[in-house]
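Produce the entire structure from the sequences given, and follow the hints as far as they go.
Chain by chain, the residues run as shown.
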Amino acid sequence: MSSEPMLTITNLHVNGGGREILRGINLSIGAGEVHAIMGPNGSGKSTLARVLAGHPEYEVTQGQVLFEVGGVGQDLLAMDPESRAREGLFMAFQYPVEIPGVNNAYFLKAALNAVRKHQGKDELDAMEFMTLVRKRMQVLEIDESLLNRPVNEGFSGGEKKRNEIFQMAVLEPRLAILDETDSGLDIDALKIVAGGVNAMRAPTRAILVVTHYQRLLNYIVPDVVHVLTDGRIVRSGGKELALQLEEKGYGWLAPGEVDPAAKARQARVGEEARA
Amino acid sequence: MTGVVEAGLHSYIAEIERAGAARSGREPSWLTSAREEASERFRTLGFPSTNEEEWRFTSVAPIAKTGFTRPAELRSAIAPSSVTPFSLSTLASAELVFVNGRYAAGLSIIRTLPRGIRVETLASVLVSHPDQIEPYLTRVAGLGRQAFTALNTALFADGAFVHVPASVTLDAPIHVLFISTARGNDVPTMSHPRVLVVAGESSHVSIIESYVGARDDASPRGDGAYFTNAVTEVIVGDNASVEHYKLQQETARASHIATMHVIGQRNARFQSHSLSFGGSFVRNDVIAVLDGEGIDCTLNGLYLADDRQLVDNHTTIDHARPHCGSREMYKGILAGHARAVFNGKIVVRPDAQKTDAKQTNKALLLSEDAQINTKPQLEIFANDVKCTHGAAVGQMDDEAIFYLRARGLGLAEARNLLIHAFAGDVLNRMPLEPLRTRAEAVLLQQLPNEG
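Heads up: the protein sequence lines correspond to chains R and H, in order. Under the numbering used here, residues 7 to 281 are what the first sequence spells out, in order. Under the numbering used here, residues 4 to 454 are what the second sequence spells out, in order.
Please note that the accuracy of each hint is not assured.
[What the hints assert, rightly or not] Label-pair ranges, simulated between beta-carbon atoms:
| no. | chain 1 | residue 1 | chain 2 | residue 2 | range |
| --- | --- | --- | --- | --- | --- |
| 1 | H | Gly397 | R | Asn21 | 26 to 34 Å |
| 2 | H | Gln380 | R | Lys141 | 51 to 59 Å |
| 3 | R | Glu63 | H | Ser14 | 51 to 59 Å |
Note that these hints are calculated values from the structure, not bench results. Computed from a predicted structure; not experimentally measured. Glycine is no exception: its CB is placed at the ideal position from the N, C-alpha and C atoms.
So, in C-alpha cells, the structure goes:
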C-alpha cells in the first residue's frame, strides 16, 4: 500500500455566493479509512464535498488538496470534475439531479466505461454491464425497472439516495464522498444504504461521510470523526465524538471557536487509524 | 429597400409569365385557371411584410430581393452518390427523387405496391389521369392570403402524387426526396415542389418528404444559394390514418418555405413530424383542418439552428367539428446567433364541443445570442372544451452538466447527452424507428461544438 494519504487537504479557503464558506480546512484521509464530517447547517460540510468533486460555483482562494494517484499526490483542484471521477473520486450528491430523457442504465454504462477507459481497462459490453449491475442492485434492494427510467426523474427521495450508492457500487471509486446521504431516509432505507456503503469498505478505498446527524454513524462506523463549524474543523476524534455531539448538541462547541489542538489531534488520529 | 423588393417582385412575376407561356395549352383547363388565379393573387398580395401578424418576426426581404430563377435546363446533372446519403430506399416502398424540382427517374425506385395504390409524379398523372387529382390539387391548399402558396401554384413544375384507395394499408413508407444543387458561383435558382396525398377511407399510409441540398467534399455544408418553396396537400379520409414526416436538410445558404395543408375527415388519424436541421432562412406552415368528428391530430416538430439561421414554425389546428383531439409538441435547439419563431394557433369553432387540444413548445438556447419569439394563439368559440398550452425557453441545466461530469463524462459528451435527451422527447414520438435513427445521426453530426 502507498504511504501517501488518499486525500490531503491543507489550509483550504473557499468562497461561494459572495462570502467565505471554508476558512482553512486541514484534513488527511488514508486508504482503508472511513472519516465522518459532522456539523450544523451552514457550517460548510456540503461545500467541502462539492469543492472536492469540482463544482464550478466555488472559488478556492487559498490552500491545496492532494489526491493520491498511482502513489503520487496530484493537485486535485487543478483537475476538471470528469478527470477526478475517472481517477476514482466519487461524490454521492445531497440532491441528486433529475435528468429527463436520459436513461439511467445508458448513463451509468457511459460513466462506467468513461472511468474504465481512462484506467486502461476494456469497456464493458451490454451483457457484461448488466451482469455487474444486477449484482450491485441486489445489495441495495433496487428494482430493475429503475434502470430504464430517466436518471432520478420521478424518483422518491429514498430512491434517489439509493441510486447514488448504487452508482458508487458500480463505479467502485477509490475515494467516496457521501454528502448527507442519510437525509430524507427512513430507518429501513438508511440500513440498506449503510449496508451498501459498508460492503464497499476496503483497504484500498477511503470513504468520507458528511452528515448532520449521528444516526447514520451507528450503521457506518467511522474511524475518525471531525466537527466542522463555521468553515473550520474545530474538533477531531474517534467515533465516540459523534456520540458526545449527539448528547450535547453542536452548541457544545461554540461557533467559530477553534480548538487549538484540533489540527494536531486529527493528524494523530489519522495516523493511528492508518497504523 | 422597398425599391429592391419591388424589383424582386417583378422578376418573380416575369418568371410566372415565362412559365405560363412555356406550358401553354399542355395542362387541363382547370389547372390553367387555378394557376392564373394564383398568379393574380400573387401580384395582388406581393411578398408579405413584417407589418403582417403572420410574418411579424420573419422578414422575407432576402428572398424577395434575390432574383431567383427556375433552372434553365430540364435537369441538372447529379451523381447518384450525392443522393445516397439522403436515400431511404432500404426502408421505403417507393422513393421518388426530384432534382431542382424535376423528376429524376433514373434515381427513383418504385417497388411493387399493393393493388390500386398510385405513386407517381404530378406531371405524369396530369397526362394520364387528371380526373383523379382535379378534386384536390390546389383546392386543399386554396389560395387564401398566402403569397408563397400562390407562387407555388403558379410555378410548380412537378411533384409527387400518392393515392391510397379505401381499406388499403401500405406498411412501408413512401419517400419523396427533393434535392437541390447549387454551387457558390451559380445563378441562384428556385424550385416549387408540390405533393398531393389522398388517403381513402380506412386506408393507412406513411409519407416522408425530404428537402435537401447536395453537398460535396469541397463544401460539406453546401455553398450555393437557392430557394425551395414547397406546398403539400393531404386529404385524410374517413377512418384513415396518415403519418407524415418531413426531414429538412437544406444547405447553409438555402431559403426554404414549406406549407402543408391537411384536411381530416371523420375519425381520421393524422400525425405530422417535422424535422428542420438546415437552411439559412426556413419557414414552415402546417395548417390542419379537422373537418369531421372523432379526428385525432398530432403535430410534432424539432428544429436545430446555429450561426445566423432563422427558423420559423407556424402551425394552425382548426377544430371545425366536435369530439376531436389534437396534440402538439415543438422543440427547438438554438446556438450561435440563430433566431426562431414559433406560433401555434388553435381554433375551436362554435360547434366543436368536446375538443381536447394540448400544445407544448420548448426551446433550448445554447448561446447568449440565440433568441426565440414564441406565441400560442388560442381562438376558442365553443364552451365545452379542454385546451392547454405551455411554452418554456431555457438554457442548458448547469447542475445536470456537473452531475454527468462528476460521474466521468466529458463536458462535450455531457452537453450532447442533454441535447439528445431534449430532442429525444420529440424524436421518440416518431413511430418510424429507422427514420428516428437517421434523424439522431443528423442531429449528432450537426450539434454545435461551442462552449
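Subject >> Cβ separation of H:Gln380 and R:Lys141, checked against the hinted range 51 to 59 Å >> reply: For H:Gln380 and R:Lys141 the Cβ distance comes to about 55 Å; the hint holds.
**OP:** Check the following: the C-beta atoms of R:Glu63 and H:Ser14 are separated by a distance inside 51 to 59 Å.
**Re:** holds (57 Å)
**OP:** May I ask you to test the hint 26 to 34 Å on the CB atoms belonging to H:Gly397 and R:Asn21?
**Re:** holds (27 Å)
Hint compliance for this structure: every hint is met.
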